[in-house]
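There are 2 protein chains.
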Amino acid sequence: MYTAQELYTRYEARFSKNNFRESPNGLYNPVNHIMSMKGKRIRPLLLLLACDMFGGDTDRALNPAFAVEVFHNFTLVHDDIMDKADLRRGYPTVHQKFGMNAGILAGDVMLAYAYKYLTDIPVHFIPKVMSVFTETAIQIFEGQQMDMDFETRSDVALEEYLKMIEYKTSVLLACSLQIGAVLGNAGEQEQSAIHHFGLNLGLSFQIKDDLLDAFGEGEKVGKKIGGDILMNKKTYLYISTFHLANEEQKATLNRLMNESDELLKITGVKQLMTDTGAYNATIKKADELYERSLASLYKISLPAEKKQALIELAEKINQRDY
Amino acid sequence: MYTAQELYTRYEARFSKNNFRESPNGLYNPVNHIMSMKGKRIRPLLLLLACDMFGGDTDRALNPAFAVEVFHNFTLVHDDIMDKADLRRGYPTVHQKFGMNAGILAGDVMLAYAYKYLTDIPVHFIPKVMSVFTETAIQIFEGQQMDMDFETRSDVALEEYLKMIEYKTSVLLACSLQIGAVLGNAGEQEQSAIHHFGLNLGLSFQIKDDLLDAFGEGEKVGKKIGGDILMNKKTYLYISTFHLANEEQKATLNRLMNESDELLKITGVKQLMTDTGAYNATIKKADELYERSLASLYKISLPAEKKQALIELAEKINQRDY
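Sequence lines, in order, name chains A and B.
To convert, count from 1 in the first sequence and add 298; that's the working numbering.
To convert, count from 1 in the second sequence and add 298; that's the working numbering.
Treat the hints as calculated values from the structure; they're not laboratory data.
There could be a bad hint or two in this list.
[To be verified] Lysine-lysine pairs mimicking DSS-like chemistry, simulated, CA-CA at most 27 Å apart:
(1) Lys382(B) - Lys395(A)
(2) Lys426(A) - Lys597(A)
(3) Lys395(B) - Lys382(A)
[Claimed, not checked] For the chain A half of the interface with chain B, some residues (derived, Cβ under 8 Å), not all of them:
(4) Leu325
(5) His376
(6) Asn399
(7) Ile402
(8) Tyr411
(9) Thr417
(10) Ile424
(11) Glu449
(12) Arg451
Where is the CB? At the ideal position from N, CA and C, for every residue including glycine.
Produce the entire structure from the sequences given, and follow the hints as far as they go.
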């Protein structure tokens, strides 16, 4: 078995260059631009660790590991166009640097390359890996649409929010883990267990991400604190605040939504988030989901030491210590 | 064996509705908008006819036939955004009707659905069908990039132009035919022959399309005559004109490129196209490619009557009588 660090090193060595064709430049320079912004490789690592845990050949899992990373980066390129984002990980976004058409087309070809690498595996794995991946891709696009729809709605329910982040964020973690399990010859039940591990890990992560956006320390979070509050974004934390508020607090919240003084708005909304108990309820929910994710992993019939590397990565993701 | 009409009818009956999920509406309404503009179903028909010719089960080929149509429509949605096109088959384009973000995301999910339908076939066909399709998709994006690159270049060679239209247009016809052949259990050599049939048929078609843009009858072509000339588009016809022109004709051509009077420009350039012999050379090239496409089909070791339906469709495509 490998440590996460060893798998990370092998992954980086394999995919440090020449993963796409060279020409036409107008197509592949934008692709290489986004792919050269080094991410944390969470999805490839989850895939490789899951494969290794079930005793699979991690060499054979490297291409699909790259595929989920390429797919993830494709979604970032198109999402950045839709969100009109100028910066990503401190660099200009693809459409900002190369133009919108380049961003659209680079994303498209990345999706095709994701499928190319995904299926560069022993043929008997291809049908199952394909169906898991394609179902996931469809859910991710549905999640992105829900997210855009929620911007103009004020009545988003907690269940709807959870479904949105499940689709937009969690399913790709779950898919990466499940593909790793498939390549490790895991049975349907084990695949399902590790899929649920990823789903709940992702939900917990995203809910904590929303918490940090309001209550984190600016430096550690790496972005402006209170951004979601200023945009009246309907996060789990925000929706909980609205549901737990009494009439007076609801009135204050509604007033603050239109407050133009940024500091007043952020301070006021955060006060309501704690006063209503939404802050604590949100932490509790995230912790529950994290515990539930680990429970899915525990119930897989493998010796504890086989699961250790994956548990450690989950813990790092949960603690944002990666 | 089936006639093209019978296969068309079965295809339409199977895919007349409910091919995508219903929710979220913001995602699937744009998808249904483009898919409801009835096309000629050339790619699905090529796939089904090829499958039938090799004795395959056309029932099993219906899903991949739909997949190539969904993929083709996805490229139209994204190309229309890149080309800033407002109308498609007389209807508002997706981004025009639903906004750019909807166009980008609808295209993305259509690509995922194309893979979903493509692989809804007996599992032993999946690996080969996947690799043919994904390679084709990558080439199509490369072709679209070349096409955009050519807009700002004046030195496009004939070979480059042919490569561009091969990638942008022909490979999907060739891919559709080859997938049909795979599903008909054709061997590698037969797959290659039918692939080349599609490649050259597509090249011939596109070169004739360029000819019609300049010399066709407005009503029959269904678009404004001379549009390519007005945009100084580097078609096979245009590049040939430039290459065959003497110094005086070259000077005239260069002057006409900046002519603001539309009628003068179109009339003048068309005159040069015939005077230089480019018009005749272009017709000759298209005819040669069409003959070469049929030759690939003839060399497949099957009784002539098996090939008849496919030859008839090729003839219709060539005559634009479909």
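Failing hints, ascending?
-> 11, 12
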